[in-house]
Amino acid sequence: MSGNMRWNAIRISTIAVYLFLFLPIVAVILLSFNPRQYGGFPIEGFSLHWYMLLFQNDTIRRAAHTSLVLGAQTAVVSSVLGVLASMALMRFDFRGKRFIGSMLIMPILIPEVVLGVALLLFLRWLSVPRSYPLLLMGHVLITLPFVILVVQARLAGMRTDYEEAARSLGANAVQAFFMVTLPLMLPAVLAGMVFAFTISFDDITATLFWKSAGTETIPTEIFAMLRNSISPQINALGTLMIALTISLPLVAGLLARRFARGRA
Amino acid sequence: MNTMAKRRFKPWLMLSPTLLAYLFLLTIPALFVAVYSFWLGSATTLATREWTLDNWASLFADPFYWAILWQTARIALLATLGCALLGYPVAYFLARSRIKNKSLLMLLLLLPFWISYIIRTLSWINILGADGLVNSMLRSMGIIHAPLQLLYNEAAVIMGLMQYLLPFMILNVYVVLDGLDRNVEASAATLGAAPFRVFLEVTLPLSMPGLAAGSLLCFVLGGGTYVTPMILGGPRNAMFAQLIYDTIIVQLDWPMGAAMSMLLLVLLTGLVMLYNRFVGLGQVYKSLAA
Chain A
1 MSGNMRWNAI
11 RISTIAVYLF
21 LFLPIVAVIL
31 LSFNPRQYGG
41 FPIEGFSLHW
51 YMLLFQNDTI
61 RRAAHTSLVL
71 GAQTAVVSSV
81 LGVLASMALM
91 RFDFRGKRFI
101 GSMLIMPILI
111 PEVVLGVALL
121 LFLRWLSVPR
131 SYPLLLMGHV
141 LITLPFVILV
151 VQARLAGMRT
161 DYEEAARSLG
171 ANAVQAFFMV
181 TLPLMLPAVL
191 AGMVFAFTIS
201 FDDITATLFW
211 KSAGTETIPT
221 EIFAMLRNSI
231 SPQINALGTL
241 MIALTISLPL
251 VAGLLARRFA
261 RGRA
Chain B
1 MNTMAKRRFK
11 PWLMLSPTLL
21 AYLFLLTIPA
31 LFVAVYSFWL
41 GSATTLATRE
51 WTLDNWASLF
61 ADPFYWAILW
71 QTARIALLAT
81 LGCALLGYPV
91 AYFLARSRIK
101 NKSLLMLLLL
111 LPFWISYIIR
121 TLSWINILGA
131 DGLVNSMLRS
141 MGIIHAPLQL
151 LYNEAAVIMG
161 LMQYLLPFMI
171 LNVYVVLDGL
181 DRNVEASAAT
191 LGAAPFRVFL
201 EVTLPLSMPG
211 LAAGSLLCFV
221 LGGGTYVTPM
231 ILGGPRNAMF
241 AQLIYDTIIV
251 QLDWPMGAAM
261 SMLLLVLLTG
271 LVMLYNRFVG
281 LGQVYKSLAA
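Those sequence lines, one after another, are chains A and B.
Residue numbering for the first sequence follows my numbering, starting at 1 and increasing by one per position.
Residue numbering for the second sequence follows my numbering, starting at 1 and increasing by one per position.
Same shape as in the complex, but just chain A (with noise of 0.2 Å):
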């Protein structure tokens, strides 16, 4: 085989797996404007019938609202917990420190039915009932790892003179902070905040764990409608989460270079 060959070959595997990656999306959001009855091929015209549907389907204006609360919740408390550890193991030396960073990073790696058996048996125990709180609390559990890596990743490029600047120039350490680190960390803390939204937002396995039994999330709730039948409202609902989940970092990311440009 000639290396022209061989570089196609590596080349036309290069667009298979893009192409198997997102074709099916592609169909979920091409499907979602079908008309047809049942869903699936082949495309009949184009409607807005399954999204007329959706909007009117109050289960899933709860659900929407509960993940929609629940996501901005947790990127709250996630993202304050979270920027805190990062610019202690980014900003201090002591003892242990590479310890602490990597073992808070850790539980990415455990699989999340343990995670969800864990947080769900301790509560039992403490004769705390499946609830709200109990999904907040296991949200912020799932995010926080994810927002401390992405934060501490931004804040290693972040120069710290301009607060040493402001701190000799008679600032105090809380002015320094709100004034000056701040602003500047607000990048970071953006991409902490949005990660940790969409992570809540998507997260099913340890939420079918957590939730009381009259609470869905939009992910629960489709797991539950993919039990009865597939209706094409699914894909409807599917083409608006990935329209939501995709614009949040980019709105995100233009707002972060919008704001860093009016300080500069």
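Stretches of chain A that chain B covers, calculated by requiring three or more beta carbons in the stretch to come under 8 Å of a beta carbon on chain B:
id : segment
1  : 82-89
2  : 134-142
3  : 234-242
Source of the hints: derived by calculation from the structure; they are not laboratory data.
Glycine included, each C-beta is placed from N, C-alpha and C at the ideal position.
With chain A fixed as given, assemble chain B onto it according to the hints.
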């Protein structure tokens, strides 16, 4: 307090909320799982507080558990292997190609991380289902008349897992290939090695850290999945996480479920620990932060 002591104290103060959260949400609960796995199951409460080895004994003695465990390992292993075979050429292409739209291709690779996992998984129903792309194409070409049953088997589970895991593999291999010193390959070629031999004896061994890190991630994430086999698999393709869910949520047998969770945790996290001991997790973390 003098400044020295303050500087020593401050990072711990900043870490304390996170450490407390981990302690109460993860460490103590995990200890409870360990304790419960040695308690007796009870029909009325969580468990009878009597020490017993029954749960562990039946876990190790019952061939049913071993069959599911083996099936879980096989599915995760095949998915990992598939990811390595399909992912390597992509990583190689991304690292070596000089096309203009490379940053777009890289961005696309990160896109799945932002798309809901359950949507990505169920999207295969649109491709493989009775009314899916494959069946409707075959039907319109007149090759088949009744839809083929392509879903609810092990192959569908492996495919779903591969779609979920491929970006992890590609990114891990890419990071290493991209950082390779191209001079090493060039000197091997100058010394007379044919291109394929350069790849086999220089590039491939040097990219092993990425391949190993990617494989670890794929296997650990694949081995713990609950949702993918639930959606794409049939009743005969159960994986271990499904068994845990059933035991705890459906049968309410907490001690048995605790023992099973411990076993899964020890097996998968043990693998991670071993890896960390001999290779180090730095590579894995680096790719996750990308």
